[in-house]
Structure formats: C-alpha cells, structure tokens
Amino acid sequence: MEYDVIVIGAGPAGMAAAQSAQENGAKKILLIDRGMVTGGILLQCIHNGFGVHQYGEMLTGPTYAQRAYEQIKDKKEITLWLDTVVLTVTAKKEVTCVNPERGVKKVVGKTIILASGCRERPRGAIRIPGQRLAGIVTAGAAQRMVNCFGFIPGKKIVILGSGDIGLIMARRLTLEGCEVKAVVEICPYSNGLQRNISQCLNDFDIPLYLSHTIVDIHGRDRVAGVTVAKVDEKMQAIAGTEFQIDCDTVVLSVGLIPERTLINNLPLQFDALTGGPLVDQHRQTELAGFFAAGNVVHVHDIVDYVTEEAMIAGKFAALQAQNNVVGGRRVQIKCEKGVRTCVPQFLFLPDVAEDVKLYLRVSKFVREKHLVVKSGNNVLWNQYLMAGRPSEMIMLDIPADSLQNVTDEITVGLE
Amino acid sequence: MTETKKFNCITCPRGCELTVTLQDGKFQSVTGNFCPNGAKYAEQEVTAPMRMLTGTVKLTGAGLPLLPVVSTAELPKDKILLAAAELRKITVAAPVKYGDIIIHNILGLGVDMIASCDFACIK
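Quick mapping for you: the protein sequence lines, in order, are chains W and Z.
When you line the first sequence up against my numbering, it's residues 1 to 415, in that order.
When you line the second sequence up against my numbering, it's residues 1 to 123, in that order.
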C-alpha cells in the first residue's frame with residue numbers, strides 16, 4: 001500500500017502535519033499512533049494555557065488535542081491507525097508497524113513525516129549519587145500517574161530541575177494534597193517559563209533554589225531524604241554548603257530529548273545541541289522525502305509553535321509527494337555569539353525566494369541585543385531583542401527579499 | 001505611601017515582568033507589560049488575585065479513570081486549594097462531552113467546572 005504522506009505520531013505535531021498535508025493536496029495520508037486515542041502527551045497536560053497563538057484563547061491540553069483532532073477527523077484523505085506501533089522505518093520510506101487486529105503491516109510513503117515527540121531525560125543521564133530507591137520518578141511520569149490514573153507518586157516531594165513540567169507538577173501535587181518542599185535547579189536561572197515560576201511556585205510559597213543541586217539521595221527501600229548543595233559557576237557542588245531535606249519522593253524535571261529511535265539508523269545528521277535531525281525550513285531532513293515536525297526536531301516551550309512548524313512540514317511533504325517542488329540549493333545556518341541553537345539548520349533557497357522563520361535559543365540570559373543574520377559580510381536581517389532567556393524560544397521572521405544576497409553560509413548571532 | 005511590586009504576568013507564555021506602583025496599597029500604574037491584558041492582570045493581581053483551576057474528577061465507563069476539568073472563569077486565588085478539594089468528591093459517568101458542567105457554581109463562587117474533553121462510553 002502506498003501513501004502520499006505517512007505521519008508517525010498523532011500528537012499535536014502529527015495531527016497538524018496530517019491536516020496541512022491534506023490541505024495542500026495530498027490524497028492519501030496515513031497517520032499512525034501507538035496510543036488508543038490521538039493527542040499524545042497533551043492528554044496528560046490537563047492545566048490550561050495552551051492555544052493562545054493558534055486559537056486565540058487559553059485551552060487545557062485535552063481541549064487543544066480535541067480541537068486538533070476535530071480538524072482531521074472527517075477528512076477522507078486521512079487514514080488514522082491507532083494502537084499501532086511503528087517498528088522500523090527504512091531509507092526507502094517503508095514503514096513496518098504492528099497492531100492487534102491488522103498484525104504486522106508494511107506500508108510505503110512517497111514522503112514520511114516523523115512526529116514522534118520527545119522523552120524525558122532520566123536519572124542515569126544526570127548521574128545523581130545514591131541508592132536505587134523507590135520514589136524517584138520523572139516529572140512527566142508523575143504527571144501521567146496523577147492526571148490520567150489518579151495516583152500520587154508520594155507525599156513529601158522534592159523536584160530536581162525547573163523545567164516547565166516540573167513546575168506544573170509542583171502546583172498539581174500541591175493541589176492534590178502533597179507537600180512540595182523545594183524545587184532545586186543547578187543553573188543560575190530557571191529552565192521554565194517565568195509565568196510558571198509565578199503561578200506554580202510563588203502562589204504556593206514553594207522555594208526555588210537556583211545554583212543548587214541534589215548531591216545525594218538517602219533511604220533504604222524508599223527515598224527518605226536528599227542532600228542539596230550550592231554549586232559554583234562550573235556547576236560543581238561547593239563543600240560545606242550541603243543541607244538536608246526530608247522527603248519520600250524525588251521528581252526529576254531535567255530536560256527533554258527528541259525521540260529519534262526510529263531514525264537513528266538512517267543516513268541523517270543530528271544536531272548535537274537540540275538532539276533532533278538537521279532540517280531545512282520546510283522541515284525536510286537531509287534525506288529527500290523525510291520530514292520531521294514538533295519536539296522530535298527540537299523541544300518546544302509551547303504547543304502552539306509545534307502546530308505552526310508541523311503545518312510547514314505537512315505542506316512541503318504534500319507538495320513533494322505531488323512532485324510539486326521547485327529546485328534550489330541548500331546552505332547551512334551556523335549559530336554564533338550567544339545563539340545556542342537554530343532550527344532550521346539549513347536554508348533551502350528555491351529559485352523563487354520565500355519568507356523564512358528561524359526558531360532560536362540563546363545560551364544565557366541577555367538584554368538589549370540585536371539578533372543579526374549574515375551571509376559572509378552581508379547583513380540579511382537585524383532584529384532588536386529586548387530580552388532573551390535560554391528557556392524561551394525566540395522567533396525571527398525573515399522576509400523573502402532579504403534573502404536575495406545569500407552566498408555560501410549563513411550565520412546568526414547576537415551583537 | 002508609594003510602593004512598587006515586581007512580578008511576572010501569567011496571561012500568556014511571554015511572561016512579561018511587570019512593575020506595579022501602589023499608592024497607600026491601591027493600584028496606581030504598571031510598566032513592563034507588552035499588551036493591555038498585562039495591565040488588567042497587574043491591577044487584578046494587587047487588588048484581588050484570581051486564578052484558573054484545572055484538575056480531575058473520577059470517571060466511570062470510559063476505560064480511563066479520570067476526567068480532566070477546568071473552571072469556566074478565574075476563582076479567587078485563596079479559594080483554589082478548597083476548590084481543588086471539592087473535585088475529589090465527584091464521580092461522573094461516561095459519555096461526557098467537552099463543556100459539560102461537572103460542578104455547578106463551585107463553592108458558591110459563581111464559576112462552573114466543565115469537562116475539558118469528550119469521553120465516549122466503552123462497552
């Protein structure tokens with residue numbers, strides 16, 4: 001069975017990609033997800049604040065997921081396979097997947113959009129000393145436990161890391177009667193959105209220890225407490241600054257990593273910092289016909305931008321499947337001077353120039369700078385940046401006519 | 001007496017840093033807000049802070065045990081923990097549609113708790 005576009009993952013990215021592929025002329029679209037319903041991780045994000053950009057109102061995660069599903073559910077061009085696990089994807093765009101009723105199936109796509117989201121960084125990745133105790137969970141796992149299944153992971157909680165899920169869970173666990181004793185963050189700044197510090201920590205007087213980390217987890221079978229210490233600018237614990245917090249649970253909110261297991265064996269390059277495959281502004285990887293969208297490309301702060309980017313991927317995958325692409329060349333975009341990451345990593349320069357949007361993150365907190373995009377010595381675009389935080393993605397809209405003088409390589413940096 | 005308070009706006013992900021000037025405890029002015037929503041939030045926050053509430057209630061007949069719910073409007077911040085405790089008393093049966101009223105007029109505050117999404121019945 002051949003499809004124009006096969007989308008792997010029916011979270012917000014996959015649904016938006018499928019919708020956009022249909023709107024851009026693809027006739028046969030297959031959307032695959034291992035869950036029993038569409039929506040992905042949004043279903044466990046029961047708090048509100050989603051959709052301000054896409055829908056102009058604040059929605060909960062489940063509501064946002066339902067809205068996205070309503071856009072695709074009656075489209076005859078889109079076939080939805082739920083409860084289906086993708087086992088392999090090959091460079092020939094063959095997708096092998098398994099489902100209890102259909103068994104193992106092999107399908108082929110003219111194009112493939114990978115929308116497999118991301119995973120949480122586990123304890124092993126951050127090397128906290130201590131025993132292997134019950135009571136150590138990642139924030140997303142805790143969120144699923146509490147919001148989907150109705151269990152609390154423990155009663156006295158310490159959260160390591162100030163990512164948004166950790167902050168959201170600090171509030172959620174408090175509302176469910178747990179005592180959240182502290183959020184401990186190794187960086188000198190929070191890794192979550194400022195508004196989540198306000199409404200999730202400050203509202204409930206939960207202390208946030210910046211430049212601190214957990215240096216030991218105590219207990220016999222179950223967590224009984226943690227030792228916290230201040231860290232220096234090299235993030236090394238400072239002797240003599242240790243203090244103890246009694247707790248029965250440690251929640252880890254220490255970052256997300258693109259889930260790229262399915263494409264690890266494909267001839268693709270990956271961005272060492274975002275963890276995702278390198279893509280151009282159409283979200284096409286270096287392998288023609290392979291696209292990626294959403295958190296598998298780079299981890300986003302808010303779902304609205306996931307939807308926006310996935311719409312781009314869906315559109316160009318559909319055009320590619322219809323052989324409706326214009327020729328052009330690819331140039332690399334390099335980050336420098338305080339810009340840590342940029343998606344896309346490549347710019348595809350078609351013969352007919354088009355507007356391009358760059359999604360950037362800065363390395364550290366900056367104020368009153370200019371974001372400058374250059375090609376050689378030509379300044380292509382210069383945009384004032386009032387303030388930039390590493391935890392907040394910055395968008396740069398570059399109009400088509402600014403991209404006329406592109407030579408070999410593009411750089412983006414702060415000046 | 002004039003005093004200033006600094007806090008972040010929570011109305012959108014931008015999270016503007018607001019500086020509010022108070023005169024004898026009363027709102028005077030705000031700076032740092034990018035949009036009018038920020039000004040509204042700032043005044044509300046120093047007068048009578050309000051918050052949205054989300055949570056879950058028990059659900060039967062849907063295959064999954066919980067229904068996510070959201071308040072139709074903001075509640076007074078100091079009533080949030082009490083309102084969250086109310087949710088624990090409720091059980092609803094599938095099918096449920098987005099927007100169904102799950103708790104009418106929670107704690108007599110004039111705000112309803114509604115279902116955040118549909119849940120079909122599973123036989």
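Derived by calculation from the structure, the hints in this document are not laboratory data.
A few of these clues could be false.
[Stated by the list, open to error] Listed below are several chain W residues computed to face chain Z (Cβ distance under 7 Å; list not exhaustive):
no. : residue
1   : I46
2   : V52
3   : T60
4   : P62
5   : G150
6   : N191
7   : Q194
8   : R195
9   : Q199
10  : V379
11  : N382
12  : Q383
[Said to hold, decoys possible] Listed next, the stretches of chain Z that the computed footprint assigns to chain W, with coverage defined by at least 3 CB atoms under 8 Å from CB atoms of chain W:
no. : region
13  : 58-66
14  : 91-97
15  : 112-121
[Said to hold, decoys possible] Simulated DEER-style distance windows between Cβ atoms:
no. : chain 1 : residue 1 : chain 2 : residue 2 : range
16  : Z       : T47       : W       : P207      : 41 to 51 Å
17  : Z       : H104      : W       : A134      : 39 to 49 Å
18  : W       : D232      : Z       : K5        : 31 to 41 Å
19  : Z       : P65       : W       : R222      : 43 to 53 Å
Remember, it's a predicted structure, so these values are computed and weren't measured experimentally.
Glycine included, every Cβ here is placed at the ideal spot set by N, Cα and C.
Quick rundown of the hints versus the structure:
Interface restraint check: W/I46 against chain Z, minimum CB-CB distance 4 Å, threshold 7 Å, status holds. Checking W/V52 against chain Z: minimum C-beta separation of about 5 Å stays under 7 Å; hint holds. Satisfaction of the interface hint for W/T60 is found here, the shortest Cβ-Cβ separation to chain Z being roughly 4 Å, below the 7 Å cut-off. Because the smallest distance between the Cβ of W/P62 and any Cβ of chain Z comes to about 4 Å, under 7 Å, the interface hint for this residue holds.
Interface hint at W/G150: satisfied, since its Cβ lies 5 Å from the closest Cβ of chain Z, which is below the 7 Å cut-off. Hint status for W/N191: violated, given a least beta-carbon distance of 13 Å to chain Z, over 7 Å. Contact between W/Q194 and chain Z, as hinted, is supported at the beta carbon level, the nearest pair being about 3 Å apart and thus within 7 Å. Hint status for W/R195: holds, given a least beta-carbon distance of 4 Å to chain Z, under 7 Å.
Of the supplied interface hints, the one on W/Q199 holds, with its beta-carbon coming within about 5 Å of a beta-carbon of chain Z, less than 7 Å. The interface hint given for W/V379 is violated, since its Cβ lies 27 Å from the closest Cβ of chain Z, which is over the 7 Å cut-off. A hinted interface residue such as W/N382 counts as satisfied when its beta carbon comes closer than 7 Å to some beta carbon of chain Z; here the least separation is about 21 Å, so the hint is violated. Interface restraint check: W/Q383 against chain Z, minimum CB-CB distance 16 Å, threshold 7 Å, status violated.
Check on the region 58-66 of chain Z: 5 of its residues sit with their Cβ under 8 Å from a Cβ of chain W, so the three-residue criterion for coverage holds. Counting residues of the region 91-97 of chain Z whose CB falls under 8 Å from any CB of chain W gives 0; the rule of at least 3 is not met. Figure legend: the region 112-121 of chain Z, annotated as covered by chain W; annotation consistent (3 residues with Cβ-Cβ distances under 8 Å, at least 3 required). A C-beta distance of roughly 26 Å is found between Z/T47 and W/P207, which places it outside the suggested range of 41 to 51 Å.
A beta carbon spacing of about 41 Å between Z/H104 and W/A134 agrees with the range 39 to 49 Å that was offered as a hint. W/D232 and Z/K5 have their C-beta atoms about 32 Å apart, which keeps the hinted 31 to 41 Å range intact. The hinted window of 43 to 53 Å between Z/P65 and W/R222 is violated, with their beta carbons roughly 25 Å apart.
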